[in-house]
Amino acid sequence: MFAKRSVIGLYTDEEAAASALDALREAGYDQGEYEVLTGTPYPEGTFGEEEPKHTLYRWPLIGAACGFIVGLVLTSGTQLAYPLVTGGKPVLSIPPMTIIMYEGTMLGAIIFTVIGILIESRLPRLFMGAYDERITEGYIGVTVTTSEERVGTAEEVLNASGAEEVKRGWENN
Amino acid sequence: MQDHIQLDQKQINDDLLAGVLGMPKWWLPAVLFLTLVVFAGLGSFGYMMNKGLGVTGLNRPVMWGFFIVNFVFWIGISHAGIMISAILRLTQAEWRRPVTRAAEVMTVFSLMAALHTPLFHVGRPWREMWVFPYDFARGVWPNVRSPFVWDPSAVGTYLIASSLFVFIALIPDLAVIRDRAVNPLVKKIYGTMCLGWRGTPRQWKLQAVAGILLSALVLPVFVSVHSIVSWDFAVLIGVEGWHSTIFAPYFIIGAIHSGVSAVAMLMALSVWLWGLDKYLRPDHFDAIGRLLIVVATTWFFFFFLEWVFALYTLEGVEISLRELQVFQWPYGMLFLIFLATAFFIPVPMWMFKSVRRSAFWMFFTTLLVNVGMWLERFLIIIPGLVRRQPFTFDWGTYHPSIIEILIVAETFAFVALGMLLFSKFFPLIPIFDIKEGMVVRDEIKIGRRIVPATIRE
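Protein chains in written order, with our numbering: chain P, 1 to 173; chain L, 1 to 457.
Some hints could be false.
[Stated by the list, open to error] Derived pair list, reagent style EDC-like, types lysine to aspartate or glutamate, alpha-carbon separation capped at 20 Å:
1) L:LYS51 with L:GLU128
2) L:LYS353 with L:ASP277
3) L:LYS205 with P:GLU44
4) L:LYS424 with L:ASP277
5) P:LYS167 with P:ASP13
6) L:LYS278 with L:GLU443
7) L:LYS10 with P:GLU156
8) L:LYS10 with P:GLU33
9) L:LYS205 with P:GLU14
10) L:LYS25 with L:ASP14
11) L:LYS278 with L:GLU94
12) L:LYS10 with P:GLU165
13) L:LYS278 with P:GLU155
14) L:LYS10 with P:GLU14
15) L:LYS187 with P:ASP132
16) L:LYS205 with L:GLU94
17) P:LYS167 with P:GLU156
18) L:LYS188 with P:GLU133
19) L:LYS205 with P:GLU50
20) L:LYS205 with P:GLU165
21) P:LYS4 with P:GLU137
22) L:LYS188 with P:ASP132
23) L:LYS205 with P:GLU156
24) L:LYS187 with P:GLU133
25) L:LYS205 with P:GLU155
26) P:LYS167 with P:GLU148
27) L:LYS187 with P:GLU137
28) L:LYS10 with P:GLU164
29) L:LYS10 with P:GLU137
30) P:LYS167 with P:ASP132
31) L:LYS25 with L:ASP15
32) L:LYS10 with P:ASP132
Rather than coming from a laboratory, the hints here were simulated on the basis of the structure.
All chains should be modelled from the sequences, with the hints used to inform the complete structure.
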């Protein structure tokens, strides 16, 4: 794997951070090479970034299907394995089965949604790369993660676009 | 919301993490006291296990006493988190921001309290494992037709869902603590817990979608939980007074009534104990007060219908149960207290703006509601079982023993202790939500007046 380096520029206002992103695009950096880091959610496109695409809505559907199947197998399987005939009625009692299958469906949907949220958010992230603790205090960080040869240019672009401070971090070797 | 203070992000961090990175003077004595009560309750439970259920007031015909009353009460309180968090999130109610976390956390701890109450109730708690389908060699499987198998499946689902809901919404705030912590070990622990959160637009977008998606998924679970708890009663053949078909919605609205009241109590406590008056403004109390008027009135309508359905049939057993609830000592007196505290004192008081905007009065009135709602469950369960059956050998009454009282006290101390411990390690108000609220707020000029406004996409 080639060495990747990252650099972060810290900005105090949204407009400066947006300009830094414009400058990075003009300097030939790809969408995947730069990111904005903030301590608070901003409306989409505040910094001129592209709208993030995700497939989170599929996760609960897959989870619900899995949960329903588990619920069905569990309720019918346990009744068939230990049949209790009550009043001559069928062994498989549908109304109570629907209760447990319903809970299984919802539980599956919720667990898969949470897994989906983490995976789609690219979490857990083992290497923080260039980061600054002041981001959670209101600073806006613009990070560039790129090859070692191009990180110097990125640093210059960030400085030129009015970064209050620019510092390096490392991604992986 | 007109009442608003604009704060910068650093100030918000300082205020909302004061209890996490520091320690209020009252915190340790309060934790020690509550731990003592919890141990007293657990000690009583140990004694009860050793001596048997004979040390409680439970005896034929009243085999469901304080433990089950308390179980239903805590399940009710647990509906606060979802009512406040999910519904207000879905409807994008701006006043939800400082309230959601505490409500969700209360849901988790009250569900834990509710879940361990049946452990006490059954007397032989090790047999509770039988509700789980395990041990393939045993050949005995749980009977899914029993409501006592439905309960753990519903409450367990709700507990897992609520815990995951709290965790997902906590991740950005864990990152704030990671960045603010001085001790390297503490930094590492929070760094691990926040999973390397950085605050990219993608992460924020998913956080927003997650809030809505999880709210929408937890809501049907919330409805099912109290419905199933009501079916514990409604499907029981032996007690005629519990056969009402209105029980499920009646229980749900009762749960929302007590749960939202508990959130209002928590808001007042947050102002007094943690000094969060900059975040929980009179406008927030006003909003929850208005919500409570609607909830309480709806609850009262269902309560009224339940009585109409019971009396309209003119069946002897129903009439005698209602007669017992209203006219016989001590239930008659408890019935009056229940009606006064759950509806007739608080609701007229909430009509006054000065009451709704006061932390003290909201705390007082919502405390009354919860006293009333505990009594409501007591008055459903105990008179239903005490009612005299045709066989005179089965006549009896119920007096809770000190063991039961201590165990009930344990559940209250457990929830309070859980909340206090949580507040020591995590912020009780969602930091990122408050910050977002500050970003999207502005002031607009209309004619000669400048009014605060919230800008939303």
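Each hint tested on the structure:
The suggested pairing of L:LYS51 with L:GLU128 holds, with an alpha-carbon distance near 19 Å, which does not exceed 20 Å. Distance restraint check for L:LYS353 and L:ASP277: the Cα-Cα separation of roughly 18 Å lies within the 20 Å cut-off, and the hinted pair is therefore satisfied. Restraint check for L:LYS205 and P:GLU44: satisfied, since their Cα atoms lie roughly 8 Å apart, inside the 20 Å limit. Pair hint L:LYS424 plus L:ASP277 holds up; C-alpha atoms about 19 Å apart against a cutoff of 20 Å.
The straight-line distance between the Cα atoms of P:LYS167 and P:ASP13 is roughly 18 Å, inside the 20 Å bound, and the hint therefore holds. In summary, the hint linking L:LYS278 to L:GLU443 is supported, as the alpha carbons are separated by about 18 Å, within the 20 Å threshold. The hinted pair formed by L:LYS10 and P:GLU156 fails the criterion: a straight-line CA distance of about 29 Å is larger than 20 Å. Distance restraint check for L:LYS10 and P:GLU33: the Cα-Cα separation of roughly 29 Å exceeds the 20 Å cut-off, and the hinted pair is therefore not satisfied.
Proposed proximity of L:LYS205 and P:GLU14 is supported: the alpha carbons are some 17 Å apart, at most 20 Å. The suggested pairing of L:LYS25 with L:ASP14 holds, with an alpha-carbon distance near 17 Å, which does not exceed 20 Å. Proximity of L:LYS278 to L:GLU94 is assessed by CA-CA distance (about 15 Å); at most 20 Å being required, the pair is judged to hold. Pair hint L:LYS10 plus P:GLU165 holds up; C-alpha atoms about 18 Å apart against a cutoff of 20 Å.
Annotation: proposed proximity of L:LYS278 to P:GLU155 is violated, straight-line Cα distance about 40 Å (limit 20 Å). Straight-line distance between C-alpha atoms of L:LYS10 and P:GLU14 comes to about 17 Å, which keeps the hinted pair within the 20 Å bound. As the CA atoms of L:LYS187 and P:ASP132 are separated by approximately 14 Å, the hinted pair is consistent with the 20 Å bound. Restraint check for L:LYS205 and L:GLU94: satisfied, since their Cα atoms lie roughly 18 Å apart, inside the 20 Å limit.
Our distance criterion of 20 Å between C-alpha atoms is met by P:LYS167 and P:GLU156, whose separation comes to about 11 Å. Only pairs whose Cα atoms come within 20 Å are accepted, and L:LYS188 paired with P:GLU133 is accepted, the gap being roughly 14 Å. For the proposed pair L:LYS205 and P:GLU50, the alpha carbon gap of about 12 Å is at most 20 Å, so the pair holds. With a C-alpha separation of about 27 Å, the suggested pairing of L:LYS205 with P:GLU165 is violated against the 20 Å cut-off.
For a cut-off of 20 Å, the pair hint linking P:LYS4 to P:GLU137 is broken: about 27 Å separates their Cα positions. A distance of roughly 15 Å separates the Cα atoms of L:LYS188 and P:ASP132; the hinted pair therefore holds under the 20 Å criterion. Pair hint L:LYS205 plus P:GLU156 does not hold up; C-alpha atoms about 30 Å apart against a cutoff of 20 Å. Our distance criterion of 20 Å between C-alpha atoms is met by L:LYS187 and P:GLU133, whose separation comes to about 11 Å.
For the suggested pair L:LYS205 and P:GLU155, the alpha carbons sit about 27 Å apart, so the restraint of at most 20 Å is broken. For the proposed pair P:LYS167 and P:GLU148, the alpha carbon gap of about 14 Å is at most 20 Å, so the pair holds. Between L:LYS187 and P:GLU137 the alpha-carbon distance is near 16 Å, which keeps this suggested pair within the 20 Å criterion. A threshold of 20 Å between alpha carbons decides the hint, and for L:LYS10 with P:GLU164 the separation of about 17 Å falls inside it, so the pair holds.
The hinted pair formed by L:LYS10 and P:GLU137 meets the criterion: a straight-line CA distance of about 5 Å does not exceed 20 Å. A hinted pair counts as satisfied when its Cα atoms are at most 20 Å apart, and P:LYS167 with P:ASP132 qualifies at roughly 9 Å. Simply put, L:LYS25 and L:ASP15 have alpha-carbon atoms about 16 Å apart, close enough for the 20 Å limit, and the pair holds. With a C-alpha separation of about 14 Å, the suggested pair L:LYS10 and P:ASP132 falls inside the 20 Å cut-off, and the hint holds.
Comparing the model with each earlier hint shows violations of hints 7, 8, 13, 20, 21, 23, 25; every other hint is respected.
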